[in-house]
Structures are given as C-alpha cells and as structure tokens.
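Using numbering that gives the first Met the number 0, you'd call the opening residue of the sequence shown number 0 and step up by one each time.
Each hint should be verified, as a subset may be incorrect.
Pairwise CB distance ranges, derived in the manner of DEER restraints [unchecked claim]: (1) 73 to 171: 41 to 49 Å; (2) 218 to 186: 44 to 52 Å; (3) 223 to 253: 19 to 27 Å.
Bear in mind the hints are in silico, worked out from the structure with no lab data behind them. Positions of the beta carbon are idealized from the N, C-alpha and C atoms, including for glycine.
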Amino acid sequence: MTTPSSDPSVEGEPHLNPAAPSDSTSAAERPLGATTDGPIDVDHTVWDEPSLVAAGGGSIEAPEGQLTYERWLARGVERFTSLESWTTTLLLALSAGPWGILGALLSQSNNQLGFLGILSAAVLAPVTEEITKIAGPLWVVEKRPYWFRSSLQIMLCAAAGGLAFAFIENLIYLFVYHREGGADFAAWRWIVCTALHLVCSLIAGVGLVRIWRRAMHTHTRPELAVGMPWFAAAMVVHGLYNFAVTIAAAGGWLTFD
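Start from the sequences, fold in the hints, and give me the full structure.
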C-alpha cells in the first residue's frame, strides 16, 4: 500500500511527470489517429479555444498529433468517399418525407381567424415549417460538414424537403381540412402552394450553402449566424404569403368554386 508523501513540492504531480500513468486521456492529449469520427472529441479539444488565438489573429499551432477542428475536418474529407457522400444525400432527401409529416403536424393551427389565427399563419407556421424542411441537411452542415462534397447536394436536400412538405401538407388540406374543395382549390394547392414551399426551401438552402462553404474554405467550425439572414428571408416570404392569403380569404377576395 502506497502512503501519501509529505513532500510539499509540486514536482511529484502526475501531470508534471511524463512517466506517470494516467487513468484518462483528454481529447486534446489523444493522438489524432486514435480519435473517433464523432463530434464529442472535437467539441472538447482545447486547441480551438479563443484563449489560444494570438492577438494578431493567428492561432497557436497545436503540437503534432493533437486534435484540432481543422485536422478533424481534413481527416473526415479524406476518409469519406464520394459514394458515401451521395448515398448520404439520397438518404437525406428520402428523410424529407418524415420530417415533412412532423412539420405539417406541428404547424397546423385550428384554422381559426382572428388575431391568434393570423399570428399562427403568418409567424408560427412559417418558422416551424422552414426549420423542419431543412432540419436534416442543417444537422449535417453543423455536425458533419465533410459528408457533403458540393453545394448542389445541399440544394437538392433543401428542394426535397420543400417538395416533400408541400406534398404532405396538400394531402392534409385536400382530404382532411377542406374535403369539399373543388378542382380550383386542388390546383391552387398543387401549383401555388407547392411552388411557395419549394422556393422558400431553396432560399433557406442558400443559407445552408453559405454556412458549409465558409466552414470548408476556412477549416473552422460552422457558424449558423452566417446562414440566418437566408433562413429569416425564407420565413418572411412564407409569412407574407400566409398573411395575404388569410386576409384575402377572410375578406372574401379569395374564393374557390
């Protein structure tokens, strides 16, 4: 049994003794080749901390083998093949259907007029819908940006989200909320509303592309703030449409036979 030393100096501290064994290894101390692909390690590395950025704008070079976001990103780009990238894009596009169902259910109000109904249609619904339509590619851009190889893949995912949501929402309106609607109402839903969802999703997709491009070109962590103006623009366009249609329907200016 080892007894505590009475030596008051710090010379015997484990972290000051290279030969001392360690029970755990931090992300910053772990060799790069021993890290996982998950964001847990890279999110806990100390080499990207603001305190390690020099006053002149440059960063302190991490020792060889230490984990940094730039090295993690480069390793991911090197290991993730083009086939895997396009397979991921296809899966994200297919997942737009389930996300569309969730978004449609969350955004549907009870279709009442009045202040709450207009607020829901012009503000709450657009925010909910535009976020859920790009939820899949947004997660990838933020957590696994190397899964994408081109801006085209991101825009395809955004377009798939908009089309899937429009398809599901149209079915809900035509067969649940307004089953009495005629051919004109169906045409409005399939043409005008589908185009609206597609355009808004593509606007939000531009925001995703800007976030992704900045991260890949600068080899730094994705910043959602870079894409927020585009996300907001998609929500505003959607909200203005909903507001105009709600007012027009309430005033009797928008009717369907």
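*Violated hints - listed by number, lowest first*: 3
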